[in-house]
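So the sequences go chain by chain: A, B, C, D and E. Under our numbering, the first residue of the first sequence carries the number 335, and numbering increases by one thereafter. Under our numbering, the first residue of the second sequence carries the number 335, and numbering increases by one thereafter. Under our numbering, the first residue of the third sequence carries the number 335, and numbering increases by one thereafter. Under our numbering, the first residue of the fourth sequence carries the number 335, and numbering increases by one thereafter. Under our numbering, the first residue of the fifth sequence carries the number 335, and numbering increases by one thereafter.
Any given hint could turn out to be false.
Pairs count within a copy or across copies, as identical chains cannot be separated in the list.
Said to hold, decoys possible - Straight line, CA to CA, 16 Å or less: simulated EDC-like cross-link-like pairs of lysine to aspartate or glutamate:
hint, residue 1, residue 2
1, K381, D349
2, K368, E420
3, K398, E417
4, K398, D377
5, K368, D357
6, K368, E417
7, K368, D339
Because the hints were derived from the structure by calculation, they are not lab data.
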Amino acid sequence: MEANDQIFFGCTLSDTNTCATWDLIKEDDFRCNKLVIKQILLDADAKNDEYNVVEVMSSRDLVKIPIAVLKAGEQRMAIPDLEFYESNVTFSLIRGSGPVHMCGHIVREYVDIMYVSKDGHQTHKYPRLS
Amino acid sequence: MEANDQIFFGCTLSDTNTCATWDLIKEDDFRCNKLVIKQILLDADAKNDEYNVVEVMSSRDLVKIPIAVLKAGEQRMAIPDLEFYESNVTFSLIRGSGPVHMCGHIVREYVDIMYVSKDGHQTHKYPRLS
Amino acid sequence: MEANDQIFFGCTLSDTNTCATWDLIKEDDFRCNKLVIKQILLDADAKNDEYNVVEVMSSRDLVKIPIAVLKAGEQRMAIPDLEFYESNVTFSLIRGSGPVHMCGHIVREYVDIMYVSKDGHQTHKYPRLS
Amino acid sequence: MEANDQIFFGCTLSDTNTCATWDLIKEDDFRCNKLVIKQILLDADAKNDEYNVVEVMSSRDLVKIPIAVLKAGEQRMAIPDLEFYESNVTFSLIRGSGPVHMCGHIVREYVDIMYVSKDGHQTHKYPRLS
Amino acid sequence: MEANDQIFFGCTLSDTNTCATWDLIKEDDFRCNKLVIKQILLDADAKNDEYNVVEVMSSRDLVKIPIAVLKAGEQRMAIPDLEFYESNVTFSLIRGSGPVHMCGHIVREYVDIMYVSKDGHQTHKYPRLS
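Required output: the full structure, derived from the provided sequences and hints.
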């Protein structure tokens, strides 16, 4: 059995606010945290003919790589659908002045571990409502 | 065990109807409400060379951010696939005159919590058919 | 336990065949019918510089809204991924002469409701194979 | 309980190889076969200003319809995400000389039917490991 | 019951690093490894008017096929959402000098096989926490 929680997140990167960080390191043994990037959108006021590049750095995955290259008149948005799982994640606008709007979800999942003992009784790691 | 219900929703934002609000605050302990935005589409009659910007404000998530930048001849539609979960959500056309057509789903999920008592009997929070 | 069935559907709208209707009203208490629109595609023989607009009308959801605006040379296809659930749904080509090809899936889901009686016996709404 | 298997498939249609067929007719009562088309991609060597049209014909679904219209410089790829379920499916390049690269997945799903007899013993249609 | 693990992966192909290989051959009977390619992105510094073609070769699936054709000013990114399951997979930049950034997920799934013996005791292939 699972119980999930999900929040919408959004953040804006620009030349005055080039970075955003999320800490998704799991907090106990049975909780998992996941960040899902659904859309990266260049603002209507972005400069013409300027590339805007968003890079991600994920500590657990040892990765640092561009995930969006946007330019007014050529590519207005990206829909990468990328997931970062139990990591510390930083998004940086490494080129261009934006604004670039990122949005997606943070999902917290509580996994209930059920044990079946030899006499058939069930016990649960998480407290059950009664 | 789960029982879900899903409805299709659509709404049109324009200069005479710039806002639309959905209340997804959960109504009791075991019901969750979710709004999914699948597509934001600029109408065939939208003005040329005008940016149309749709912004979302979500009370529970403390977020206010653009989710679509559309312009005839450049970007006709967005498919953000964004979810808003148990919140009060307002979409506003903050720039341009539209019309902009939004559509997606509202999902209601009924989670049946099953209790296993010490003598092995199962009881359920929700009434069972018999 | 669930048993699903899924069929692929496709239909073509044009100036000689402007409408298509699907009846997804559920037929008994435990069957749900869902129509999923995956792609709306403008034909290679569509006229240049003509907008083609597909509108959906869904009886259960009380909605009538455009879901695709296509034009040769500007926007060849849409991938809305929209679902219509237990409704009567009509798609109409309200502008342009097409042809416009729609495709997706119709999913029928049979949900087996399991009852647990007080003496622990399980009975099922749907007949089980034996 | 389910056990799945999935393979990646890819095929190339061109003027010398205009058709590809997959037989997904289910082979026994409890096995389902599904073909998922994720991407249809026009080759870098495709001719300029030539439409390339891929049509699908599915025997079980009684459907014959275009699923991609591609043209160098206008529309390089489609991502239809279409599923064909327990059918005989043929993809044909009905216009243009390609090459057009199709790829996706073939999913085989083994559904284990569990019976619960009146004395509470479980038996399974599929052999269990022991 | 399932326990999953997922990592984000990213790699960059260019004229000095044209290949990347992942070994997803399953390591024991009950573990499955899957690589999911979510996005293939042409760098902001890619040359104008040069096609960049990424090809995949998958040993288990006996497939070798292009999965992305990118060109600055025409097609900046692909979102193929392709999965490679328990195979040895090589991505190669077979045309163009890139850089091309690939990213997605590697999913490891541990399937717990539960046996029900004739006296009703359950045993598990994987060790259970106690």
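Please write out, lowest number first, the hints stated earlier that are contradicted by the structure. No numbers; nothing is violated.
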